[in-house]
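A.B. asks: Now for the letters of each chain:
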Amino acid sequence: MTNRAVPDAGTQIEIYRRMALIKANDERSRKVIMTGRLVMPYYSPRGQEVIPSAISVSLTDEDYVCTIYRGSHDQLAKGLPLKDLWAEVAGRTTGTCKGKGGPMHVTYPTKGIMVTTGIVGSTMPIANGLAWGSQLRGDGRVTVANFGDGAANIGAFHESLNLASVWKLPVIFVCQNNEWGEHTAYDKTSNVRVADRAAAYGIPGERVDGNDPFAMYAAAREAIERARAGEGPTLIEAMTYRFHGHVFGDQDAYMDKDRKARAMADDPVPRFRARLIADGVASEEQLVAMEAEIEAQIDEAVEFALASDFPGVEELKRDVFAEELN
Amino acid sequence: MATQTAAKPAKANILQAINAAIADAMEADDNVVVLGEDVADPEEGGVCGVTKGLSSRFGDARVRSTPISEQAIVGAAIGASLVGFKPVAEIMLMNFTTVAMDMIVNHAAKLRFMSGGQTHVPIVIRTMTGTGFASGGQHCDYLEAWFAHTAGIKVVAPSSPRDAYGLMRSAIDDPDPVLFIENLPTYWTPAEAPEKDHRVPIGKAKLLSEGSDITIIAYARMIQEALPAVAQLAEAGISAELIDLRTIAPWDRDTVLASVARTGRAMIVHEAVTPFGVGAEIGSVLNEELFGKLKAPVKRLGGAFCAVPFSKPLETAFAPQTADIVAAAKALMA
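Residue numbers (full-length UniProt numbering), protein chains in the order written: chain A, 1 to 326; chain B, 1 to 334.
Quick caveat, the hints were computed from the structure, so don't treat them as lab data. The beta carbon of each residue, even a glycine, is placed where N, CA and C say it ideally should be. Treat the hints with caution; some may be incorrect.
[To be verified] Derived coverage of chain A by chain B (criterion: at least 3 residues anywhere in the stretch with Cβ under 8 Å from a Cβ of chain B; other residues may be distant):
id : segment
1  : 106–112
2  : 126–133
3  : 189–203
4  : 317–326
[Stated by the list, open to error] Partial selection, computed: residues in chain B whose CB lies under 7 Å from chain A:
id : residue
5  : I68
6  : G117
7  : A134
8  : G136
9  : A148
10 : H149
11 : T150
12 : D324
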């Protein structure tokens, strides 16, 4: 494709900042879990930093995002404050959801993070509804539905793409193809590219290098503009690779060691960092300072979370319905 | 007391009452939207025509026919509700809710709780069911116990046009998801028409007849079987109180407990299969709360434990009938 949008210098730095935040937060999460101070099911997004970072720089707080249990990268890229996230995954009352959602169910409407689901394939039907709301109001908002390659085989994927196509909804379906559906390789579960399925629903579909911030930015930009212009949905299959097992603690014996080593050697975060410096977009000192600031923010968030109170048991009866239960 | 000269009350059937309730709600609030298979007018307002006229009146942006995609229908309703709309989604028949269970049980019912109250899902899922129209196993199950067992979703099942109107208005007003179960074989029976803006509160049962010997608790089409049973029991010298539950989740414990405390005997009648059903829950609560005051064990009378059969005599035998209710009540009195 020609004439694709290119992020300007400031946007490149912002994409990198979000990537660095996601990487540092992931590393810290695993470290804190290892110490035993935090117990949670943890699904590392390491390796997938580029995708939400390069998309979210073109979104506003008013735009909506739906994500899944492997979603901390999507949430952080969309602007979820670290303190609120850490307190939530620690199950504390200061968390986004008063500790009642946990890592697989983070909601933060202030930044448009409307649904985080633990059910594979469930972001898409709900994203359609958010987008339908925008269409009815004519508010120009865009909804991004994130999901993995495994979710492309769920019936809800097909129902949702079809409905979005028929209704011309302002929604972007972002398949983060990390080559793994839990423990099973993508090529064992599908013989076709996810992006190619868009043709079946008469919508644009593109497979993009999800580890290339420029390619990802350009593809997202086009999809967002199309959605805002009322031209309907887009399917993006962003190719990436999951560095770790499905869930923290999983021995990942099913993952090909060479393939994994290659992916990790080509880590998109240091790669983009080097490019920013080589291109003269940012200096080493500038990035070091940025990364130190991120670490300090994470320090503060972890401390805040672990010092916060757990919710009282009265919360069991609250938020089941609007009215409190007896 | 009605007199010879009083004006005859207006008549309406349940189908008309639900249509009027949705139309009045749409008129009152632009955020009320309708979606489902065939619901718009070019598609004839649904297989039974419950939503007929709405898309012509309110436009096809607000009343949308969908593909046959139950997960997409409930998902779209959920998403729109998260941003301030009040969707009324039709899942044509109750058995088809099974195709959308993830959206209903994991998302609609739980988002308020899991988000710590930040978001909520004010949707109505309208669905139809009921035996008696020769559909066989996959078009007439009563699955209300499945939903009542899920924290976060309300379940209503009206038996009259007035209640259908009033409950639908309340369901649309409700800030939480409501499963609205319509009984297809009762759609076209005329009865007293609801007045505009009439409301029936969710969670409140209705005492249909007063009695002193036994309390019969029923809902939906079973009310039609129970009403003549009450009359027959009276002829046999048994005074039965009949409660129309109207709302299954949350059910009206106060009304039911007060009645059974008075009569000392209780029978729960429903069309859904008996094991693990609504009758089991109510019966259990009655035993817990009224142990020592009960003059007989609480009786459950429900559908047979099989799929709903096609063949007419089998289909008829599947669900409790008037004669079954009378016989069971007499046995409780013995």
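A.B. asks: Hint by hint, note whether the structure agrees.
C.D. replies: To see whether the hints hold, each was checked on the structure:
Coverage of the segment 106–112 of chain A by chain B holds [criterion: at least 3 residues with CB-CB distance below 8 Å; count 3]. Proximity of the segment 126–133 of chain A to chain B, defined as three or more residues with a beta carbon under 8 Å from a beta carbon of that chain, is established by the 8 residues found. Counting residues of the segment 189–203 of chain A whose CB lies closer than 8 Å to any CB of chain B gives 0, so the stated coverage by that chain is violated, three being the minimum. With 5 residues bearing a CB less than 8 Å from a CB of chain B, the segment 317–326 of chain A meets the requirement of three and the coverage assertion stands.
Interface hint at I68 of chain B: violated, since its Cβ lies 9 Å from the closest Cβ of chain A, which is beyond the 7 Å cut-off. Because the closest C-beta pair between G117 of chain B and chain A is about 4 Å apart, less than 7 Å, the hint holds. Look at A134 of chain B: its Cβ only gets to about 29 Å from chain A, farther than 7 Å, so that hint breaks. For the restraint placing G136 of chain B at the interface with chain A, the shortest Cβ-Cβ distance is roughly 24 Å, beyond the 7 Å limit, so the hint is violated.
About 13 Å separates the beta-carbon of A148 of chain B from the nearest beta-carbon of chain A, more than 7 Å, and the hint is not met. Taking 7 Å as the C-beta contact cut-off toward chain A, the hint placing H149 of chain B at the interface is violated, the least distance being around 13 Å. Checking T150 of chain B against chain A: minimum C-beta separation of about 10 Å lies over 7 Å; hint violated. Proximity of D324 of chain B to chain A is violated relative to the hint, the smallest CB-CB distance being about 34 Å (cut-off 7 Å).
Going through the hint list in order, the structure does not satisfy hints 3, 5, 7, 8, 9, 10, 11, 12.
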